[in-house]
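These protein sequence lines are chains A and B, in that order. Using our numbering, you'd call the opening residue of the first sequence number 1 and step up by one each time. Using our numbering, you'd call the opening residue of the second sequence number 263 and step up by one each time.
For the record, the hints were derived by calculation from the structure and aren't laboratory data. Positions of the beta carbon are idealized from the N, C-alpha and C atoms, including for glycine. Check each hint, because a few of them may be wrong.
What the hints assert, rightly or not - Some residues of chain A that are not near chain B, with every Cβ distance over 10 Å (derived):
| no. | residue |
| --- | --- |
| 1 | Val6 |
| 2 | Leu7 |
| 3 | Leu14 |
| 4 | Arg23 |
| 5 | Ile35 |
| 6 | Leu54 |
| 7 | Tyr98 |
| 8 | Val101 |
| 9 | Ala128 |
| 10 | Gly138 |
| 11 | Phe172 |
| 12 | Tyr198 |
| 13 | Arg247 |
| 14 | Val255 |
Unchecked claim - Computed list of lysine-lysine pairs in DSS-like fashion (alpha-carbon distance at most 27 Å, straight line):
| no. | chain 1 | residue 1 | chain 2 | residue 2 |
| --- | --- | --- | --- | --- |
| 15 | A | Lys93 | B | Lys301 |
| 16 | A | Lys93 | B | Lys548 |
| 17 | B | Lys437 | B | Lys415 |
| 18 | A | Lys252 | B | Lys301 |
| 19 | B | Lys301 | B | Lys290 |
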Amino acid sequence: MKRAVVLAWQYLRLAVMNELQYRMNFVIQLFETAIALVTALVVLSLVYAQTDSLGGWSRYELQALLGIYTVLSAVVRFSIQPNIERLMTDIQKGTFDYVLVKPIDAQIQISIREVRVWQSIDIIAGAAILLDALFRLGVTVTFGQVLLFGLTLTLGIILIYTIWLLMSCIAFWVVRVDNIFELFDNIASAGRLPVDIYPRWMRVILTYLVPMAFAVTVPAQVIIGRINMSNVAIQAAVTLGFFVVTRFVWTKALVRYNGASA
Amino acid sequence: MSPIIHVEQLRKYYDVPIRDAGFVQAVKSLVNRQYNTVKAVDGVSFEIEPGEVIGFLGPNGAGKTTTLKMLSGLLHPTSGSCTVLGYTPFERDYAYLRQMTLVMGQRNNLLWDLPAGDTFELARTIYGFGDSDYQRNKDALIELLGLAPLMTKPVRNLSLGERMKTEFALSLMHKPQVLFLDEPTIGLDITAQKHIRQFIGEYNQRYGATVLLTSHYMADVEALCKRIVMINHGVVVFDGALAELVNRYAPSRTITVQTTATRADLALHGEVTHDDDGTITIKVAKADVPRVTAAILAAHEVTDISINEPPIEDVIAQVYGR
């Protein structure tokens, strides 16, 4: 495990060194972030010009949620997505073989190799939106709340990671699965809004099938002070469940890759 | 000494979907897919002693790469068994992976945009080297391969030959005892091929490592391998010394004579394959060589005579064609 942490740190260092060569990417990313955030905030203010509450969420509560959503989706683009994409191309090109001949867990290896450094701008931007929202809501946040928020956010990130990996395991059976990620991207963007505002059937999908509700809504509830411990417990249980299932499917996928079933 | 690699009745069958060309067939195969069983490796057996360098030969699609992949733990055999260093490769025991390496000439293992030295640092963490071991292994490889000037250049700026040398250094950082080399010299120019070849030989000498090498370049095999294992259609067709292969499968020799005799004179003894201003080459059955040579020397004035085996490529092509 210690080796895995050192290795992840090395990959991050290399990615930083590599990306520093391309300053233009930084400018472009800054620009993209600005446009995305301004659009989202304008839509938010337009909606709340018509109504005071959406599914029981006030304007700035929803802005806090938007901040968390921004942070999480930036984490996806910062690390999760590039690693999964690398896994896909490795499987297609056969270079995945090099992962399997190294004496370190294959799942750990494929999860830490890629980092898109400039995506960290979005993480900072998301955090800023969240802080602004909390300031405008005038809530006081306790230390315990911050800890719980950190925990639920981390669980959310792990949950999203396991879902991405779970889907990419399909690549071991069917080699081209790029379209699935687009579908997932679309469903995931539903996490931009709290699950409470969706109709019941959609809420079920978002909660149990693609548990964005747990990834985004639970940390938001914690930080704005609507703590519901049973939600937190369910989030932890769902995350653990997905993690175990993903590990199992991953192991099966490796078996499939080396043709043990044939 | 007991064998370091032990392969017995190893088989690997793949189910491959088949369909005829055309749109209608493509739709049909979506619903009702037909499979064909491809016997990539079909009962291969051999043993390799520690320190041997084996040329693993065969035409494209013979099952060489599939066998190497089973030996390096990437593929699970359909049946049969193989053990390397006492381990069953597909269990991918880390203790096994630390002692072997796989180099594939057609696939890149270095980080493309960064200097090779950075990828070396990653290998150091993956294999968990201490500082002094890492430095010593790295220095030895850099010296052996002449890599010093290449270490600081981004990999994408290296030539194919330079990159392959660097790949070798990376793949051997952990001083593996068993090397699986799948066409390591493919696409390289003559000089680079020669460098890689020399390096493999030196590494084998210095560390007593066992090497299983596939290559389409006979120069690699002639320079490095005392023994060859040849497979075709998934079965071993020859296992023995290179000289023996030539002996067994090359039924003819060529006799080249510098002489005053005419082409017609020599055509009595065998097929004339070359005639150039008094230097004539004829092809003669192996068993007839002593008799023909004596006859020519007795009947004609000869200033020079030499007897040659056919080129190894020709012998191998002949075995493949059987």
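Verification of the supplied hints:
1. At the 10 Å boundary, the C-beta of Val6(A) falls inside the reach of chain B, the nearest C-beta of that chain being 5 Å off.
2. Residue placement check: Leu7(A) does not keep its beta carbon more than 10 Å from all beta carbons of chain B (closest about 5 Å).
3. The claim that Leu14(A) is not at the interface with chain B is violated, since a C-beta of that chain comes within 10 Å of its own (minimum 6 Å).
4. Every Cβ of chain B is farther than 10 Å from the Cβ of Arg23(A); the closest lies at roughly 15 Å, confirming the non-interface assignment.
5. In this structure Ile35(A) is separated from chain B by more than 10 Å, as the shortest Cβ-Cβ distance comes to about 28 Å.
6. For Leu54(A), the requirement that its beta carbon stay farther than 10 Å from each beta carbon of chain B is met, with the minimum near 44 Å.
7. Taking the minimum C-beta to C-beta distance to chain B, about 5 Å, the non-interface status of Tyr98(A) is violated against the 10 Å cut.
8. The Cβ of Val101(A) sits about 5 Å from the closest Cβ of chain B, inside the 10 Å cut-off, so the non-interface label is violated.
9. Chain B leaves Ala128(A) outside its interface by the beta-carbon criterion, the shortest separation being 31 Å against a cut-off of 10 Å.
10. Interface exclusion of Gly138(A) from chain B stands, the closest Cβ pair being 48 Å apart, more than 10 Å.
11. Even its closest Cβ contact with chain B, about 13 Å, leaves Phe172(A) beyond 10 Å, as expected for a residue assigned away from the interface.
12. Consistency note on Tyr198(A): stated as away from chain B, and its beta-carbon is indeed over 10 Å from all of that chain's, at 35 Å minimum.
13. The beta carbon of Arg247(A) is kept farther than 10 Å from every beta carbon of chain B, the shortest such distance being approximately 16 Å.
14. A beta-carbon of chain B is positioned within 10 Å of the beta-carbon of Val255(A); the least distance is around 7 Å.
15. Between Lys93(A) and Lys301(B), the direct Cα distance comes to roughly 23 Å. Compliance with the 27 Å bound is thereby established for this hinted pair.
16. For the proposed pair Lys93(A) and Lys548(B), the alpha carbon gap of about 48 Å is over 27 Å, so the pair is violated.
17. Between Lys437(B) and Lys415(B), the direct Cα distance comes to roughly 24 Å. Compliance with the 27 Å bound is thereby established for this hinted pair.
18. Under the criterion of a C-alpha separation no larger than 27 Å, the hint pairing Lys252(A) with Lys301(B) is consistent with the structure, at around 24 Å.
19. Of the supplied pair hints, the one linking Lys301(B) and Lys290(B) holds, its CA atoms being roughly 25 Å apart against a limit of 27 Å.
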